[in-house]
Each structure stands twice: as structure tokens, then as C-alpha cells.
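*Asks:* Each chain, letter by letter, is given below.
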Amino acid sequence: MNAASSPPDVPDAEFRVTFGDGAGGFGCRPDERVLLAMERQARTDIPVGCRGGGCGICRVQVVRGPYRTGPMSRRHITAEDAMEGYALACRLYVQGDLVLVRRPAPAASIPARVTT
Amino acid sequence: MAMTDVLRPGYLQVRVLDLEEAIVHYRDRIGLDLVEVAPDGRAYLKAYDEFDRHSIVLRQADESGLDVVAFKVSSEAALDALAGRLRNAGITTTTIPEGEQPGVGRRIRFRVPTGHQVELYATIALSDQGPMINNPDLWRTEPRGMRAIRFDHCLLHGQDIDGTAKIFTDILGFATSEVAVTPDGQPIAIFLSCGMKAHDIALVRHHEDGKLHHVSFLLESWSDIGHAADLIAQHNMSLDIGPTRHGATRGQTIYFFDPSGNRNEVFSGGYQFYPDNPTRTWTADQAGKAIFYYEKKLHETFLSVVT
Ligand code: FES
Ligand SMILES: [Fe+2]
Numbered sequence: 001m002n003a004a005s006s007p008p009d010v011p012d013a014e015f016r017v018t019f020g021d022g023a024g025g026f027g028c029r030p031d032e033r034v035l036l037a038m039e040r041q042a043r044t045d046i047p048v049g050c051r052g053g054g055c056g057i058c059r060v061q062v063v064r065g066p067y068r069t070g071p072m073s074r075r076h077i078t079a080e081d082a083m084e085g086y087a088l089a090c091r092l093y094v095q096g097d098l099v100l101v102r103r104p105a106p107a108a109s110i111p112a113r114v115t116t
Numbered sequence: 001m002a003m004t005d006v007l008r009p010g011y012l013q014v015r016v017l018d019l020e021e022a023i024v025h026y027r028d029r030i031g032l033d034l035v036e037v038a039p040d041g042r043a044y045l046k047a048y049d050e051f052d053r054h055s056i057v058l059r060q061a062d063e064s065g066l067d068v069v070a071f072k073v074s075s076e077a078a079l080d081a082l083a084g085r086l087r088n089a090g091i092t093t094t095t096i097p098e099g100e101q102p103g104v105g106r107r108i109r110f111r112v113p114t115g116h117q118v119e120l121y122a123t124i125a126l127s128d129q130g131p132m133i134n135n136p137d138l139w140r141t142e143p144r145g146m147r148a149i150r151f152d153h154c155l156l157h158g159q160d161i162d163g164t165a166k167i168f169t170d171i172l173g174f175a176t177s178e179v180a181v182t183p184d185g186q187p188i189a190i191f192l193s194c195g196m197k198a199h200d201i202a203l204v205r206h207h208e209d210g211k212l213h214h215v216s217f218l219l220e221s222w223s224d225i226g227h228a229a230d231l232i233a234q235h236n237m238s239l240d241i242g243p244t245r246h247g248a249t250r251g252q253t254i255y256f257f258d259p260s261g262n263r264n265e266v267f268s269g270g271y272q273f274y275p276d277n278p279t280r281t282w283t284a285d286q287a288g289k290a291i292f293y294y295e296k297k298l299h300e301t302f303l304s305v306v307t
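Chains as they are written, first to last, in the working numbering: chain V, 1 to 116; chain W, 1 to 307.
One chain only, chain V, in its complex shape (with noise of 0.2 angstroms):
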């Protein structure tokens, strides 16, 4: 393949992830999932558990940009929530410049901790 024909030098732009309410943001890759994007880059903006769409507990509301997501568990994300933007940062891929709001889901934000 010859220079002129090559297509522009997409794996490595990076899109920029923030937050709504003005906090955090970080970059990320287009193959690149929203949430392992931020811990490679050691940023705490969204709880990070299963990181397999299984949990809940990462769950975001994508309130600009564009993206597309993996299979996420109905449980966490119904048919009408994805209508919303809510997504499983752990399964949302970027495809442009993102503003996110977290939102976990409602079953898995209270912590089961074992205290005295």
C-alpha cells in the first residue's frame, strides 16, 4: 500500500472522555474501552469492578459524543436505558470526543461492606 492511498493515522488519535459536571478527563483509544482507557492512565473518575459488563457498577450516562457499546447486561442497562445513553464504561467504546455523567446502577451502588 503506498503512502497516499494509507488511511489518516487513526489507531493513535486519541478522544478526549470528560465528565458533565466538570470533573476528571482523560483520554482514550477508538479500540479502546472507556474504562480501561482510564485506569491505564491511573484516573479513579468511575468505579471499576467486573469490567465485563456483569456488574453494574461502572455505569455512565453518555450525555454528548459519539460512541457504540458491547454486550451489557439488561439488568444494568434495559432496552430503554441505552435509548438514554446509559452505558457500562467497562463496554463503551469511544468514537469521538465523549461528556459522561456517572450514574450507577441503582442495584449495585450500595455497598455490601462488612463493618462492626
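Keep in mind that the hints are not guaranteed to be accurate.
Claimed, not checked - Computed beta-carbon distance windows for the label pairs:
1. W/E208 <-> V/A79: 38 to 48 angstroms
2. V/M83 <-> W/W139: 43 to 53 angstroms
3. W/E36 <-> V/Q95: 37 to 47 angstroms
4. V/G25 <-> W/N277: 30 to 40 angstroms
5. V/E39 <-> W/A78: 41 to 51 angstroms
6. W/N277 <-> V/A82: 46 to 56 angstroms
7. V/D21 <-> W/P97: 37 to 47 angstroms
8. V/E39 <-> W/D18: 37 to 47 angstroms
9. W/E98 <-> V/G25: 38 to 48 angstroms
Claimed, not checked - Just so you have them, the derived chain V footprint on chain W, three or more residues with Cβ under 8 angstroms:
10. 57 to 65
11. 98 to 111
12. 252 to 264
It should be emphasised that the hints constitute simulated quantities derived from the structure, not laboratory data. Since we're looking at a predicted model, the values are computed, not measured. Heads up, the beta-carbon is just placed ideally off N, CA and C, and yes, glycines get one too.
Got chain V; can you put chain W with the ligands on it based on the hints?
*Replies:* Chain W with the ligands in isolation, oriented as in the chain V frame:
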């Protein structure tokens, strides 16, 4: 060695979001053998050192978690007797006919107070790839991945763990090997054994019913736990914590997640339990040490992240 009519945890049926990636995880990373993906769409797997046809069933669904945990009992007569005792205690049982899972006989299904479905069965086909019995070598072919020896136990979360434990102890004949209690004596974790293992099932109190905390597989040694940690790092698997050791049951352990977010454990060691052994008790202020003996504390998501 089984000490009751319930021999051991026999199989689990786990829900996964993507069957193909789940098969890669359980077959190539944990090291189970894929018996078949049956026409019903479920994947059946077994560990290399298990005689029975399968011990893990993966069902693709739109939600992760546990469908059922099933225990193998000693005979069809014992199955009838246990079903009768369940019904006498006012527990509704349903019979799943032979063949609903390939190779598995009649099953008795019931729901425990924590919302989980439990099954008993006496009959399952032997695998033609089970351990050798004539001049046996260690294995037919060298184990893969983490080299899991068997599906060992699971830990379930729910509200009325006392009610669920009571069914296991009073009706199914399990003994309580360990318990963790609040200052007012309320159990927050209960470890139950039907044989000589430190636990065959464990229960933790949680605000939501029917949850799966982890599925556990036995490995041969502490060095195999290190090997598992190497594979988790190499394959960018989702690590939870470890390698470390439990105070409760004394197992050496590492926790991680399958691609659908169901927590897995591989462990080795732990003590041998006799049913006349006194129950070991942990107070809630020592819960960190009970669960992670070296760190002596729980990370915040260990008990709250479940499927
Ligand atoms: S971390 Fe569990 S669903 Fe994302
Ligand atoms: Fe365990």
C-alpha cells in the same frame, strides 16, 4: 469423602453475555475441556480430573449471573428421600426430566430463601475423557491454561442466608465449617461442607437476592496459583485480587472475572474438614483477615461487585 447423601457440588449453569468469548475463557484460560456446544445452544465443559460428563454449563443470555447450582447425590433412592424431606419442610420442588441437560438424569429443583435455584441429581453419564483408571497416568493429555482440577464450590449472595443455610444443614446434611458474625451474633458469612472440604458452598449476606459472588476451581498448588496470575497478566484478564490467602478455609487464592463479569476463583490448599469439627467463628471486626489473610482488609468492591 462424602459424609452425607449429598456427594459434592456437581455442576453450575452460568449466564454469559457472549458464548464464544466465554468458551475461550473457560476452555483456554481456566483449562476446562469443552464437551460440546449442544443443539440447545448451551456449552458444556469439564475439568480434566473430573469423571462426570460436565461440571460447568454456559448459557448465553442478556444478563450475567447464575442460573442454578446442582449437587450430585449418592443414589436415585437418596434423591427421592431428599426430595421428600424438602417437601415435608414446605419447600416446593419441581422435577426436571432426564435429558434436559445431555447425559444428566432426573433432577429435583427448588428455590432457597436467598433466591437461588438449587438442584439435586443422582445420575450423570461418565465422561469418556475422565481420569484414567487402568494404570493411570496423571492425565490423558497435559492440562491447559490454569490447569483446573475440578469445579469446587461457589459463593452466593442474598438476604436470608440463615434460611438458606438451614436447608443445607437440616435437610441436606451439610455441616457448618466456618461462620462470620456481627457483634449481635448475626451471621454475615456461612461456609457449608457436605464432605471433607472446608466448604462446598458459601453464603454472604447482601441486600439483593439471587446473586453470584464467585465460581471456584481447584488447582494443585500455590505455584499453580502463581501460574494462573501469570496467565491473567499475559492475557489482560480482569483481575480482582491476589494471589493471596484466605483466613477462612485457609485456601490460597486468586480472584478474577470472566468476560461477562462473573467472578472466578482458582485456589489451592485449605484444611480438611470432618463433620464433628467445631465451627470456626470470625467476628466482624476481623472480617478483613478472614477473607484476605495477608492484606487483612477487604477492598471496597470485593463484596459489592456481584452478578
Ligand atoms: S465494571 Fe462491572 S459492569 Fe463495568
Ligand atoms: Fe471461594
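*Asks:* All hints, please: hold or fail.
*Replies:* Here's how the hints hold up against the structure:
1. The hinted range of 38 to 48 angstroms is not satisfied by W/E208 and V/A79, whose Cβ atoms lie roughly 21 angstroms apart.
2. The hinted window of 43 to 53 angstroms between V/M83 and W/W139 holds, with their beta carbons roughly 51 angstroms apart.
3. Between W/E36 and V/Q95 the Cβ separation comes to about 38 angstroms, which falls inside the hinted range of 37 to 47 angstroms.
4. As the Cβ distance of V/G25 to W/N277 is approximately 55 angstroms, the hint placing it in 30 to 40 angstroms is violated.
5. Remark: the range hint 41 to 51 angstroms for V/E39 to W/A78 is upheld by a beta-carbon distance near 49 angstroms.
6. Checked against the hint of 46 to 56 angstroms, the C-beta distance between W/N277 and V/A82 comes to roughly 51 angstroms, which is consistent with it.
7. In this structure the supplied range 37 to 47 angstroms is violated for V/D21 paired with W/P97, their Cβ-Cβ distance being about 55 angstroms.
8. Evaluation of the 37 to 47 angstroms hint for V/E39 and W/D18 yields a failure: the beta carbon distance comes to about 21 angstroms.
9. Separated by about 58 angstroms at the C-beta atoms, W/E98 and V/G25 break the suggested range of 38 to 48 angstroms.
10. Residues of the stretch 57 to 65 of chain W with a Cβ under 8 angstroms from some Cβ of chain V number 4, which satisfies the need for three, so the listed coverage holds.
11. Coverage of a stretch by a chain is defined here by at least three residues with a beta carbon nearer than 8 angstroms to that chain's beta carbons; for the stretch 98 to 111 of chain W and chain V the count is 0, and the condition is violated.
12. Coverage of the stretch 252 to 264 of chain W by chain V holds in this model, with 7 residues showing a Cβ closer than 8 angstroms to a Cβ of that chain against a need of three.
When held up to the earlier numbered hints, the structure conflicts with 1, 4, 7, 8, 9 and 11 and fits the remainder.
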